[in-house]
Amino acid sequence: MADFLRRDIWALEEEQGPWHPITEAYALAVGVMQGRGRDDPTSWAYQAAVHGVGFGEPTDQFVNQCQHNTWFFLPWHRIYLYWFERMVRAALTGLDAVSDDVKAEWALPYWNYDRGGQTASLPTAFREPTLADGQTENPLFTQLRDRNIARGGQLDPVSVSADGALGEGFFALDPIPGGTVGFGGAVTGWNHFDEAADAAPGALEQTPHNLVHGGVGGPGGLMSGFDTAPLDAIFWLHHANVDRLWVEWLHQDGRENPTESSWSGELFDFHDENGTPVRMAAAEVLDPEQIGYAYEEAAVPELLAAGAEGGSAMPTEPPPDRPTELVGATDEPLVLTGDQAQVAIPLAAPTGPALLADTGEPEPQRVYVNVEGIQGEENPGLSYAAYVNLPDDEDPSTAQGYHVGNVSFFGIELAGDVDQDHPGGHGLRYAFDITDLVNELREQGRWDPDRVTITFSPLRPLPPPGEEDAAEPAESVPPVRIGRVGIYYQ
Amino acid sequence: MTALAVRRVTWRHPEVTAAAVAACAWALLAAHALHPHGRAEPLLADLSGWVVMAVAMMVPGALADVRSVALSSMWHRRQRTIALFLGSYLSVWILFGVVALAAVRILGVGPGILLACAAAWELTAWKWRAVRRCHLIEALPPRGARADAASARAGLRYGSRCVASCWPLMLAMAAAGHLAMALMALLTLMVATEKIVVRSARLRAPAAAVLAAAALVAIG
Chain S
1205 MADFLRRDIW ALEEEQGPWH PITEAYALAV GVMQGRGRDD PTSWAYQAAV
1255 HGVGFGEPTD QFVNQCQHNT WFFLPWHRIY LYWFERMVRA ALTGLDAVSD
1305 DVKAEWALPY WNYDRGGQTA SLPTAFREPT LADGQTENPL FTQLRDRNIA
1355 RGGQLDPVSV SADGALGEGF FALDPIPGGT VGFGGAVTGW NHFDEAADAA
1405 PGALEQTPHN LVHGGVGGPG GLMSGFDTAP LDAIFWLHHA NVDRLWVEWL
1455 HQDGRENPTE SSWSGELFDF HDENGTPVRM AAAEVLDPEQ IGYAYEEAAV
1505 PELLAAGAEG GSAMPTEPPP DRPTELVGAT DEPLVLTGDQ AQVAIPLAAP
1555 TGPALLADTG EPEPQRVYVN VEGIQGEENP GLSYAAYVNL PDDEDPSTAQ
1605 GYHVGNVSFF GIELAGDVDQ DHPGGHGLRY AFDITDLVNE LREQGRWDPD
1655 RVTITFSPLR PLPPPGEEDA AEPAESVPPV RIGRVGIYYQ
Chain F
8 MTALAVRRVT WRHPEVTAAA VAACAWALLA AHALHPHGRA EPLLADLSGW
58 VVMAVAMMVP GALADVRSVA LSSMWHRRQR TIALFLGSYL SVWILFGVVA
108 LAAVRILGVG PGILLACAAA WELTAWKWRA VRRCHLIEAL PPRGARADAA
158 SARAGLRYGS RCVASCWPLM LAMAAAGHLA MALMALLTLM VATEKIVVRS
208 ARLRAPAAAV LAAAALVAIG
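Taken in order, these protein sequences are the chains called S and F. If you count the first sequence from 1, you need to add 1204 to reach the working numbering. If you count the second sequence from 1, you need to add 7 to reach the working numbering.
No wet-lab data here; the hints were simulated from the structure. Since we're looking at a predicted model, the values are computed, not measured. Please note: incorrect hints may appear among the correct ones.
Partial pick of chain S residues on the chain F-facing surface, computed with a CB cut under 8 Å [said to hold, decoys possible]:
#1 1215
#2 1219
#3 1223
#4 1393
#5 1554
#6 1557
#7 1581
#8 1622
#9 1623
#10 1682
#11 1683
#12 1687
We put the CB at the ideal spot given by N, CA and C, even for glycine.
Please take these sequences and the hints and turn them into a complete structure.
The structure is reproduced here in structure tokens:
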């Protein structure tokens, strides 16, 4: 039995309104941490710096350490949240306004935005400029968020769905050009952002993680920036949900964590609630109960448990043991500026391993879409859903059968940054396994082996029901440049 | 090793051809160092030696990036991409060599002073920005003349960034000559490490110390 139970923030709000004692205690503790100086490891500013710092800020082995685009993404953030949660609990001890029961039992809530309805909107306590008394400044509030989200609008359902990630069969796969890397991220060494040549995000990091960052932050918002995201108090609840989804994924048959010591033994530096340095490895946090907490809900989603797919491939076998082969790609970079865009890619017959002449297999076992070399000055705060061979008369929002994944831009400001030691040489990249869709189209006689189209359709937070869209006008959306869209066979 | 095993290695590591070329360059230089023969025209001999030295020193550190551009090419174009990328990359270093060899002759500067300059260069932010820029390689078009031109352009950019990063080291080699095998091995190791190791800017102080020590030895 775990000592602490992390609860759904929307369930708390449904029980006692926006200012449930757990939520209010969090706000007060954040206020305490915000009042501490940057040099204090338990301060709000320092804890944000642990994730990432801007150019010129001091660094050491504790700050600028977050792990992204790697199989360390999930364990590193679990450890990060664990020590942060202890700091919040410690900050509560000196607060008279918080009851002893709450102090004793407080655990970080999570934001499950995928329960439907209003749960895809920002919890009310994070949108109020003042606390329940109507006078005291609310530490959970910031103006630096997407305009629709700030007013109670909802994230697009495609942005928050974890079905595709939960359908992944493997935690991590060795990176291969153009291929996918599993649920948790590419097998790499220590990788803050893009140091490893093969760095690539796992399915959960892609969606919903990255899309929620951009959707909540919007253009220029705290959550949209790699180095500013933890300054928004909702960051921690978002990551608690990502952590919960890891638990949920493991509850499914056949899913397991990596067993390699290069994953479980990698040590990361943090501070405890007293500001004392501590080191921790993935092996110590494989199960939340190892470190004393559990989630209110971490059940296998019914649809997935029943075998239905969330629109993405559910590999039950590992990819074949041979390299991928590029069979077609765009000639020119594609610039996305907030509107729908489509590229047509001529395909060539495979001439390498995917030809499979010596194995007798009639078709490639895997087909991937690879979106690479993604660069831009800043996160535009919107993402794009990618569709394969979307018919001209289909509306993307109702054509989920053609949806293969999402392209988002969390961290894009670092993709060409040469001032810090995390060169994003190849820019951001995303790969989607489209094998099932291709097989389906092939069976229906609708797969053209000589040509494929990829459609990118923007995903923006929706305005509150009955209100006008307050999104940035299209002309002010920061452009992003996709270096190449390619198709790989394996 | 069976043919199948060889095929599996070349499938995954198309850059083995580039590695083989670098190995040949090392063998040629080693043979020349062990059995020096008459030099008809010093500058020409230096220049041909420089070309071989540039291959030996600069290809090893580029192998990871060579692999990356090859694997993201159409299968039948992999070796063509490597040839175009490496050819234009090395042409930048050859051009640099022409200037460097002439400069050290005219100025009469020895390798010791230049190694000391290289040590100081390691401590600058410019050096490490240039190292990071080396990894900024754009995705290539898939086929035809566009792919050829883009591969060559990528090699030129890669080469110019590599020169921006390593020019003091190679200026010292221009002064030391292509038969200074020990120094060449040391600097090759440094160049490759700086390019390949994650967060290599952490190595700035040790790298500067090693170069300073080498400078002292050279000044003698």
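Status of the hints after comparison with the structure:
| no. | hint | result |
| --- | --- | --- |
| 1 | 1215 | violated (42 Å) |
| 2 | 1219 | violated (47 Å) |
| 3 | 1223 | violated (44 Å) |
| 4 | 1393 | holds (6 Å) |
| 5 | 1554 | holds (7 Å) |
| 6 | 1557 | holds (6 Å) |
| 7 | 1581 | violated (15 Å) |
| 8 | 1622 | holds (4 Å) |
| 9 | 1623 | holds (7 Å) |
| 10 | 1682 | violated (20 Å) |
| 11 | 1683 | violated (16 Å) |
| 12 | 1687 | holds (4 Å) |
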